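Protein sequences, first through last, are from chains A and B.
Numbering-wise, the first sequence is residues 404 to 876 according to our numbering.
Numbering-wise, the second sequence is residues -13 to 246 according to our numbering.
If you're looking for bench data, these hints aren't it; they were derived computationally from the structure.
All values derive from a computational prediction rather than experimental measurement.
Be aware that one or more of the hints could be misleading.
[Said to hold, decoys possible] Distance ranges between label pairs, derived from CB positions: (1) Y598/A to T(-4)/B: 49 to 59 Å; (2) E43/B to A849/A: 46 to 56 Å; (3) A849/A to R181/B: 49 to 59 Å; (4) S470/A to F98/B: 54 to 64 Å; (5) T558/A to K105/B: 38 to 48 Å; (6) I494/A to G129/B: 24 to 34 Å.
[Claimed, not checked] No farther apart than 27 Å at their CA atoms in a straight line, the calculated lysine-lysine pairs in the DSSO-like style are these: (7) K40/B to K108/B; (8) K(-7)/B to K472/A; (9) K472/A to K847/A; (10) K(-7)/B to K108/B; (11) K847/A to K199/B; (12) K847/A to K105/B; (13) K472/A to K157/B; (14) K860/A to K819/A; (15) K199/B to K215/B; (16) K427/A to K860/A; (17) K(-7)/B to K860/A; (18) K847/A to K420/A; (19) K105/B to K(-7)/B; (20) K809/A to K860/A; (21) K(-7)/B to K714/A; (22) K847/A to K809/A; (23) K472/A to K420/A; (24) K105/B to K157/B; (25) K474/A to K108/B; (26) K714/A to K199/B; (27) K847/A to K860/A; (28) K105/B to K40/B; (29) K199/B to K40/B; (30) K714/A to K215/B; (31) K819/A to K809/A; (32) K40/B to K809/A; (33) K474/A to K819/A; (34) K(-7)/B to K157/B.
Heads up, the beta-carbon is just placed ideally off N, CA and C, and yes, glycines get one too.
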Amino acid sequence: MTETKKNPLAALIDVTKAWLTRGKTPYIFIAIYVALATVLVYLSPRSVPAFLMLLSSALFLYYLPTSFKFKIAVGLILALVVMPVIGVRNIFYLEVIFQISVFAALALGLNIVVGFAGLLNLGYVAFYAVGAYLWAFFGSQQIYLLNEIPGTAPTGTPFFLPASSFYLFLFLGMGVAALVGFLLGLPVLRVRGDYLAIVTLGFGEVIRVLANNLDKPLNLTNGPQGITPIQRPPLPAGLLVTLRSIMTPVVGRSVTDNEFYNLFFYILALLIIVMVIVVVNRLDDSKIGRAWMAVREDELAAAAMGVPVVKTKLLAFIIGASFAGVMGVLFAASRTFVSPESFNFMQSIGVLTMVILGGLGSIPGVIVGAAVVVVLNLQVLQGLSLWLSALRQSDAVIPIINFAWKNLSNQLDPAKYQRLLFGVILILMMIYRQTGLIPAERRKRAAEIIEIENDIKNNGNGHPADASPAGEV
Amino acid sequence: MTLLDVKGLTKRFGGLTAVDHMDFTLDEGCMYSIIGPNGSGKTTFFNSLTGIYKPEEGEVHFNGHSLIGLRPDQVTSLNVARTFQNIRLFGSMTVLENIIVGMHHHLAQNTFTALLRTKAFKDEEETSRRRAVELMSFVGLRGVGDELAQNLPYGGQRRVEIARALASNPKLLLLDEPTAGMNPQETVDAIALFRRIRDELGITIILIEHDMKVVMEISERISVMDYGKKIAEGLPAEIRADSRVIEAYLGRGAAAEMNH
């Protein structure tokens, strides 16, 4: 262990940490922090800092030492009471949270492939596209338009399946994406490293190009125009009435059906993300998770220890793909529209950026990475854009150089610099913090190990031969 | 009883024959050493046995199974384990996890039991952790179960590698230069450990070793390889006196000088 030099900032952080983790302080701190953030967002529904404060309360909740019950309770209040209310007051926030959930699930899936198993997949969004197009095809009128030219759908075409089959398709999307992952993985996983990255990149593009061009001879995808409308699952009418009567006084006006749909998809995304986190966590701490990491660390040694390398990699591919498949179905339904443009290379890179920014192999890290990238994209960049365009329309002049904002080129719109932003994030992370914002940590079992060690000491030096393993041959 | 029977094993890399018609039999419970100058094909021989390389010719029978054409993990599941010349641990996993990876093919759990956290799964995880700690204590490691493998000192990493190999419950253990880079005291401890592995666990050991003191002290039989061929085999005393061995190590001129 190397002794790191303390700078004043680190010392300050240490002092704050010591204060925050003592006794009842974390409970009080979180309660005040959450309450303050809620009030701020409620009072000024357009303030980005207030919203960020609310988002960051989730981090404090996760890290500060409070009881499990307290964490769950505050988490539920935040997710099911606070967010819906402020989300309906400013629907944009709900959209932000929804996108964070969708991308966090995607990033967690990609994290299995890249972070755990060490397989660089640059075409991950293709599996997302598979899920999205699956529901887009069966959940719209597309099946009756196979022989129509895109854009000439006759009016009054019925939907093929009832909207409620959406729930079934969540599972089908998972299965079909997993199958595609399996079929792709079978040949592809025999190549390694850079070659794998290139092959998966190609696969991602193939899926997008297919979506773009499968409007003839049979019109499967409606080509570049995309498929719309795609059905949303029906909301139970009884529940709607109750919810509306509860929410109207809180929000201060009547809540529309569309807003309820946004709420519904937000809750659904949250549910899925909770399930995804449980799945990833449990896999991580099991034979298969250890095998993934062993293959990542040293493929040859892993094989020599009895880990079937190809099968292990294939499983990572399949499980990663299945997450993307579910999210694809959800995405198609929530947008009621899919087009090939939603699944371009930039999306794959975006998800990869989240994984690398958050920390390869780190579950909390990847979620934070997704949150940061989505907030940067949707709020910070767009906020800057709005600010610049406001300046451009005013008569303001930059002092000293005497430059009128009016003359500023349209090319300098920050919203157009998403790619630049991803690039800068990746470069900075590689130089200064390869392990990400929240580096991956292995599970510690100190207490259990000491207990077993003492046990061994007391009962003579237990021979490993005595304790036969579970599956003795 | 013959545990390992190798006949005419040949591995070529392009024009170079790295292992040339190697014949080799090994009795159960033996402590066997393979020596030879650098580049004589010892490690290639190990790699050909364990499925890392696919040999061009020859047969390998272990405990009634042919090992030819099997993948490394299949060879391991037939109870052959190995360590590597340059330590190959899973650096960013804990020592405990490294050892549990060695148990991979013994664990009955699968993706579904892991997701559902069944009782069988939890019990198996607990048993495997217990066994890993026992293996750690067997190889002389204490209190490092939570450390990342890469943070251990060199000698400790060697021990973890041996514990990881033992975790796969081998009948045959292949050790590739296990004392390379150790100081004299560490070497003495290592020799004691190898003896205990053989005597207490009943595991047959093949050792590739450069340190002649270790080889002569510990081996019951020795094979000498040079240019991919086995040039001599016998008891330590016979090998020490064999002129072909001295030639291989020191060159013909030096060997001749020693005889005169």
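Cross-check of the supplied hints:
| no. | hint | result |
| --- | --- | --- |
| 1 | Y598/A to T(-4)/B: 49 to 59 Å | 30 Å, violated |
| 2 | E43/B to A849/A: 46 to 56 Å | 52 Å, holds |
| 3 | A849/A to R181/B: 49 to 59 Å | 32 Å, violated |
| 4 | S470/A to F98/B: 54 to 64 Å | 31 Å, violated |
| 5 | T558/A to K105/B: 38 to 48 Å | 59 Å, violated |
| 6 | I494/A to G129/B: 24 to 34 Å | 55 Å, violated |
| 7 | K40/B to K108/B | 38 Å, violated |
| 8 | K(-7)/B to K472/A | 66 Å, violated |
| 9 | K472/A to K847/A | 22 Å, holds |
| 10 | K(-7)/B to K108/B | 45 Å, violated |
| 11 | K847/A to K199/B | 40 Å, violated |
| 12 | K847/A to K105/B | 21 Å, holds |
| 13 | K472/A to K157/B | 50 Å, violated |
| 14 | K860/A to K819/A | 65 Å, violated |
| 15 | K199/B to K215/B | 23 Å, holds |
| 16 | K427/A to K860/A | 39 Å, violated |
| 17 | K(-7)/B to K860/A | 46 Å, violated |
| 18 | K847/A to K420/A | 21 Å, holds |
| 19 | K105/B to K(-7)/B | 47 Å, violated |
| 20 | K809/A to K860/A | 80 Å, violated |
| 21 | K(-7)/B to K714/A | 31 Å, violated |
| 22 | K847/A to K809/A | 59 Å, violated |
| 23 | K472/A to K420/A | 22 Å, holds |
| 24 | K105/B to K157/B | 30 Å, violated |
| 25 | K474/A to K108/B | 25 Å, holds |
| 26 | K714/A to K199/B | 43 Å, violated |
| 27 | K847/A to K860/A | 21 Å, holds |
| 28 | K105/B to K40/B | 41 Å, violated |
| 29 | K199/B to K40/B | 33 Å, violated |
| 30 | K714/A to K215/B | 36 Å, violated |
| 31 | K819/A to K809/A | 18 Å, holds |
| 32 | K40/B to K809/A | 71 Å, violated |
| 33 | K474/A to K819/A | 39 Å, violated |
| 34 | K(-7)/B to K157/B | 20 Å, holds |
Violation of the numbered hints given earlier is confined to hints 1, 3, 4, 5, 6, 7, 8, 10, 11, 13, 14, 16, 17, 19, 20, 21, 22, 24, 26, 28, 29, 30, 32 and 33; the remaining hints are satisfied by the structure.
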